[in-house]
Amino acid sequence: MGAVDERLAELGLVLPPVAAPAGSYLPALRSGSLVFTAGQLPFVDGRLPSTGKVGEGHGLVAPADAQALAATCVLNGLAAAATVLDSLDDVVRVVKVTGFVASDPGFSGQPGVVNGASELLAEIFGEAGRHARSAVGVAVLPLDSPVEVELVLEVR
Amino acid sequence: MGAVDERLAELGLVLPPVAAPAGSYLPALRSGSLVFTAGQLPFVDGRLPSTGKVGEGHGLVAPADAQALAATCVLNGLAAAATVLDSLDDVVRVVKVTGFVASDPGFSGQPGVVNGASELLAEIFGEAGRHARSAVGVAVLPLDSPVEVELVLEVR
Amino acid sequence: MGAVDERLAELGLVLPPVAAPAGSYLPALRSGSLVFTAGQLPFVDGRLPSTGKVGEGHGLVAPADAQALAATCVLNGLAAAATVLDSLDDVVRVVKVTGFVASDPGFSGQPGVVNGASELLAEIFGEAGRHARSAVGVAVLPLDSPVEVELVLEVR
Numbered sequence: 001m002g003a004v005d006e007r008l009a010e011l012g013l014v015l016p017p018v019a020a021p022a023g024s025y026l027p028a029l030r031s032g033s034l035v036f037t038a039g040q041l042p043f044v045d046g047r048l049p050s051t052g053k054v055g056e057g058h059g060l061v062a063p064a065d066a067q068a069l070a071a072t073c074v075l076n077g078l079a080a081a082a083t084v085l086d087s088l089d090d091v092v093r094v095v096k097v098t099g100f101v102a103s104d105p106g107f108s109g110q111p112g113v114v115n116g117a118s119e120l121l122a123e124i125f126g127e128a129g130r131h132a133r134s135a136v137g138v139a140v141l142p143l144d145s146p147v148e149v150e151l152v153l154e155v156r
Numbered sequence: 001m002g003a004v005d006e007r008l009a010e011l012g013l014v015l016p017p018v019a020a021p022a023g024s025y026l027p028a029l030r031s032g033s034l035v036f037t038a039g040q041l042p043f044v045d046g047r048l049p050s051t052g053k054v055g056e057g058h059g060l061v062a063p064a065d066a067q068a069l070a071a072t073c074v075l076n077g078l079a080a081a082a083t084v085l086d087s088l089d090d091v092v093r094v095v096k097v098t099g100f101v102a103s104d105p106g107f108s109g110q111p112g113v114v115n116g117a118s119e120l121l122a123e124i125f126g127e128a129g130r131h132a133r134s135a136v137g138v139a140v141l142p143l144d145s146p147v148e149v150e151l152v153l154e155v156r
Numbered sequence: 001m002g003a004v005d006e007r008l009a010e011l012g013l014v015l016p017p018v019a020a021p022a023g024s025y026l027p028a029l030r031s032g033s034l035v036f037t038a039g040q041l042p043f044v045d046g047r048l049p050s051t052g053k054v055g056e057g058h059g060l061v062a063p064a065d066a067q068a069l070a071a072t073c074v075l076n077g078l079a080a081a082a083t084v085l086d087s088l089d090d091v092v093r094v095v096k097v098t099g100f101v102a103s104d105p106g107f108s109g110q111p112g113v114v115n116g117a118s119e120l121l122a123e124i125f126g127e128a129g130r131h132a133r134s135a136v137g138v139a140v141l142p143l144d145s146p147v148e149v150e151l152v153l154e155v156r
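Protein chains in written order, with the numbering used here: chain A, 1 to 156; chain B, 1 to 156; chain C, 1 to 156.
Simulated from the structure, these hints should not be mistaken for laboratory data.
Do not rely on the hints blindly, as some may be mistaken.
[Stated by the list, open to error] Derived contacts from chain A toward chain B, CB cut-off under 7 Å, selection only:
1. L15
2. P16
3. A20
4. S24
5. F36
6. A38
7. F100
8. V140
9. P142
Values in this document were obtained by computation on a predicted structure and should not be read as measured data.
Even glycine gets a Cβ: it sits at the ideal position worked out from N, Cα and C.
Between the sequences and the hints, there should be enough to build the whole structure, so can you do that?
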């Protein structure tokens, strides 16, 4: 059991099975020392726990819920990355996180939502989990997912 | 004639002239072993075959049409990449595709649209054409284009 | 004083202090020969000069104003990059610019807005400032910022 797997266990987390891509692409790919994951949706056991736009108000996905979904995206992204690595212990550092948040036009709290991804990466990888990041509010995401997160990792 | 050009001919495709950038930037650029293309619009002979948002319903661009436009973006992207390569035979593999779909808020079929890009890359490059991918639904794209696709390629 | 700093001074520009990240991430990070900046908002002295969606019409941020904000994002991005470099003179070239424009659905002039970023990079770095670029119109950006720009730089 690798150090990252142990750390996940300490956090009460288990790497999920790799989510089937929603189209004709790979879950992750290595080029040189970088691993690029596909944009990850917050699938749990093959389904999205919730759908819709994030915002404050009736019929919207609450920001705190979306933050938890962003963390789920990270777990799926690490599972994807693991398919092209011997072990997640080969991750030298997290380089870049891009978080897309399907947003009600009046909602501008995307950074808080994407913190769900960023903070989990820091919990798992420590200092090596800190990364550059963009958070963006988009009109709508695949399958009406509230969030989508892609990762770029530096690996050995 | 290179192998990729022959494959394009087999598919009945011709690499178009490079679309003039819509702003102050380069169609593509090489850094180390990676080529980054600019975001490609589905120009054909200098104009967009259609404009507007993708979705189901009157006044919207039909998803099947948008899928074909995403394939056109790929051709334009390969033409852009060719400007910084001796030949497209120098492409080792497609690394990353990002597909932006100008989406009606009720449309969540972005993966199907961006499959138009992914499937053409697989047809042209075979296994080397398979890639990590993000598909995102955005509010509006430059010149009211229904789709925009950017490519990252690994080259020799 | 480095050559880039001198060039900035000639242009009447000063590198601002690094904007505090709006979440749990780093302003910029180096991996190999690439520097990735976080998505930059157009902060000036810790606040956004304007907020809202870009477009033509009452209550919208005028495209010309948004273009100036995109240039401010670049200054903040260079300040972020400088935190992981000895000097901005270590920038070999600008590789990739991604410009997100919070857009009124009827506004499709994103390339003109993001030219504010691209043209400033060319003014500062000359030929080495020319880059591949994507411009995208999104629903809403963090803190209701009208624009967000991220940079990928090749460094020595």
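Determine which of the earlier numbered hints do not hold for this structure and return their numbers in increasing order. 1, 2, 3
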